[in-house]
Amino acid sequence: MELDRLVFTFFNAEIAREYLPDIVKGFWITVKLGLAVIASGLALGLAAAMLRSFQVRAINLLIVVYADAFRALPPLMVIIILFFAFPYAGLPMSAFTATWLSLALVLGAFAEEIFWAGIISIPKGQSEAARSTGMNRWRTLVHVVLPQAVRLTIPPLTNRTIAITKGTALGSVVALSEILGAAHSAASLAGNPTPLTLGAIAYLLLFIPFVIFGRWVESRFAWRR
Amino acid sequence: MEAILQQFLNPAIAAKVFPYLLKGFGTTLLLSLLVVPLGLAGGLAVAVLPTLRRRWLSWLVIAYVDFFRAFPPLVLLLFIYFGAPFLGVNLPAILAVALGFLLNTSSYYGEIFRAGIESVPRGQWEAARSTGLSWRQTMAHVVVPQATRNVLPDLIGNTLEVVKLTTLASVVAIPELLNAARNAQALTYNPTPIVLAALIYLVALWPIVRLISRLEHKAVAVR
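Residue numbers (my numbering), protein chains in the order written: chain A, 525 to 749; chain B, 349 to 571.
Since the hints were made in silico from the structure, they are not lab data. Misleading hints may appear alongside valid ones.
What the hints assert, rightly or not - Quick list of in silico lysine to any residue cross-link-like pairs, SDA-like style, CA-CA up to 20 Å: (1) A:K648 <-> B:K566; (2) B:K566 <-> B:N498; (3) B:K371 <-> B:N531; (4) A:K648 <-> B:E564; (5) A:K556 <-> A:I725; (6) B:K364 <-> B:R530; (7) B:K566 <-> A:V588; (8) B:K364 <-> A:A609; (9) A:K556 <-> A:P545; (10) B:K566 <-> A:I644; (11) B:K371 <-> B:N527; (12) B:K566 <-> A:V674; (13) B:K371 <-> B:I442; (14) B:K566 <-> A:P647; (15) B:K566 <-> A:A641; (16) A:K556 <-> A:L730; (17) B:K566 <-> A:P679; (18) B:K566 <-> A:R576; (19) B:K566 <-> A:D592; (20) A:K549 <-> A:S701; (21) A:K648 <-> B:H565; (22) B:K566 <-> B:P555; (23) B:K566 <-> A:S577; (24) B:K566 <-> A:I646; (25) B:K371 <-> B:L553; (26) B:K566 <-> A:S645; (27) A:K648 <-> A:R576.
Everything numeric in this text was worked out from a predicted model, so none of it was measured.
Only chain A is shown next, with the shape it has when bound in the complex (with noise of 0.2 Å):
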């Protein structure tokens, strides 16, 4: 009898049936979001940590004050910030572009941090050998440095890619209908936990493979201590 009640609460099917199309709209809301957050945030990370590597005082410091900022600022207080008070400034923008500029920002931050990490753990007698040959700065940094360092940052960088793609459930927080959005939306209307059951189904079948293809990274290309 108790499982009967538990089944009915949680795995409605019923209601199931008729709040999936709603999950499932939110999910490829999700993807796009996840994919427009991963490729923005590695570039802006990427592009931030071969810069500093000119050593350009002015524009490190920039660096450096901008990776610092959005590693201590909480995602969430990211999102309200652009969400609710950009648009006193007449800069409104939507919800689903408040959510990618905040993630990808933040993940720009990270991602420039651990770049720069792998980049400065490259012995300098590689980059001295490669200018002595005479490739010029920006080819021993995309030829010799990058290819190398790049490797040694990419299971931190599984990681922490995860981490940041799983807080485009926070969008929902701005009603932004990606899977939670939906899916509270739907327990709300249908007075019934059911669609968020689907909606975490939806995340564990988005996230899984990330998490063991994390897993796999790390033991294939791990720092070697």
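Given chain A, work out where chain B should sit, using these hints.
Relative to chain A, chain B alone:
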């Protein structure tokens, strides 16, 4: 510039809401003092269990860790908070937060402690056991202290993440800093409270970010 300052960091409003936000920040600290030790204890348990060398136990731990690392913490929190009443359990928000954080953060802390325990050479174990220390004594006095020291930067880094994660409690109406800021914003029709809250986070957490950077760069230099 003047106009922007009036709008985003209005001195009159800032002065009025500052005590209220400070109280919210106090709640953030208390909340962190609750969830960080919970996560550390849970994580240590998660890391120590596989060393008992029972195959089913190791698989169970891996499944637990991967499951909760794949689950967005906000989803977990809302699932617990809104699901519990349907089971006839009236769960106060603070308990829902404690449970959600325990499940989520213990997986992350667990992975860190596991790496730490693996970094302690086997000889340490053997030496400790051969002097007559029991399994438990070896773990508590020989392995865990060294493991903790080896992964200290990662532990501090994760603790910072947990403190930042307490902002999620605002969603279930716990009056921590972000929640206080949003209430104040709704009352004053002005973004000053949320900008001020962001500044409080920056001032409070920036030194920890610096510390982590220093520790990490030192670890890279040693390598």
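Comparing the hints with the structure gives:
The hinted pair formed by K648 of chain A and K566 of chain B meets the criterion: a straight-line CA distance of about 16 Å does not exceed 20 Å. Distance check on the hinted pair: K566 of chain B and N498 of chain B sit about 13 Å apart at the alpha-carbon level, within 20 Å; holds. Between K371 of chain B and N531 of chain B the alpha-carbon distance is near 13 Å, which keeps this suggested pair within the 20 Å criterion. Only pairs whose Cα atoms come within 20 Å are accepted, and K648 of chain A paired with E564 of chain B is accepted, the gap being roughly 19 Å.
Among the hinted pairs, K556 of chain A with I725 of chain A is consistent with the structure: their alpha-carbon atoms are about 18 Å apart, no more than 20 Å. For a cut-off of 20 Å, the pair hint linking K364 of chain B to R530 of chain B stands: about 14 Å separates their Cα positions. In summary, the hint linking K566 of chain B to V588 of chain A is supported, as the alpha carbons are separated by about 17 Å, within the 20 Å threshold. Straight-line distance between C-alpha atoms of K364 of chain B and A609 of chain A comes to about 18 Å, which keeps the hinted pair within the 20 Å bound.
With a CA separation close to 17 Å, the supplied pair K556 of chain A and P545 of chain A stays within the 20 Å bound. At most 20 Å may separate the alpha-carbon atoms for a hinted pair to count; K566 of chain B and I644 of chain A meet this at roughly 11 Å. For the suggested pair K371 of chain B and N527 of chain B, the alpha carbons sit about 11 Å apart, so the restraint of at most 20 Å is met. Pair hint K566 of chain B plus V674 of chain A holds up; C-alpha atoms about 19 Å apart against a cutoff of 20 Å.
Proximity of K371 of chain B to I442 of chain B is assessed by CA-CA distance (about 17 Å); at most 20 Å being required, the pair is judged to hold. A hinted pair counts as satisfied when its Cα atoms are at most 20 Å apart, and K566 of chain B with P647 of chain A qualifies at roughly 15 Å. Straight-line distance between C-alpha atoms of K566 of chain B and A641 of chain A comes to about 10 Å, which keeps the hinted pair within the 20 Å bound. Pair hint K556 of chain A plus L730 of chain A holds up; C-alpha atoms about 12 Å apart against a cutoff of 20 Å.
Among the hinted pairs, K566 of chain B with P679 of chain A is consistent with the structure: their alpha-carbon atoms are about 19 Å apart, no more than 20 Å. Our distance criterion of 20 Å between C-alpha atoms is met by K566 of chain B and R576 of chain A, whose separation comes to about 18 Å. With a C-alpha separation of about 17 Å, the suggested pairing of K566 of chain B with D592 of chain A holds against the 20 Å cut-off. Restraint check: the Cα-Cα separation between K549 of chain A and S701 of chain A comes to about 8 Å, which is no more than 20 Å; the hinted pair holds.
Between K648 of chain A and H565 of chain B, the direct Cα distance comes to roughly 15 Å. Compliance with the 20 Å bound is thereby established for this hinted pair. Taken as a hint, the K566 of chain B and P555 of chain B pair is honoured in the structure, with Cα atoms around 17 Å apart against an allowance of 20 Å. For the hint pairing K566 of chain B with S577 of chain A, the CA-to-CA distance comes to about 18 Å; that is within 20 Å, so the pair holds. Among the hinted pairs, K566 of chain B with I646 of chain A is consistent with the structure: their alpha-carbon atoms are about 14 Å apart, no more than 20 Å.
For the given pair, K371 of chain B sits about 17 Å from L553 of chain B by alpha-carbon distance, which is consistent with the 20 Å threshold. Between K566 of chain B and S645 of chain A, the direct Cα distance comes to roughly 10 Å. Compliance with the 20 Å bound is thereby established for this hinted pair. For the given pair, K648 of chain A sits about 16 Å from R576 of chain A by alpha-carbon distance, which is consistent with the 20 Å threshold.
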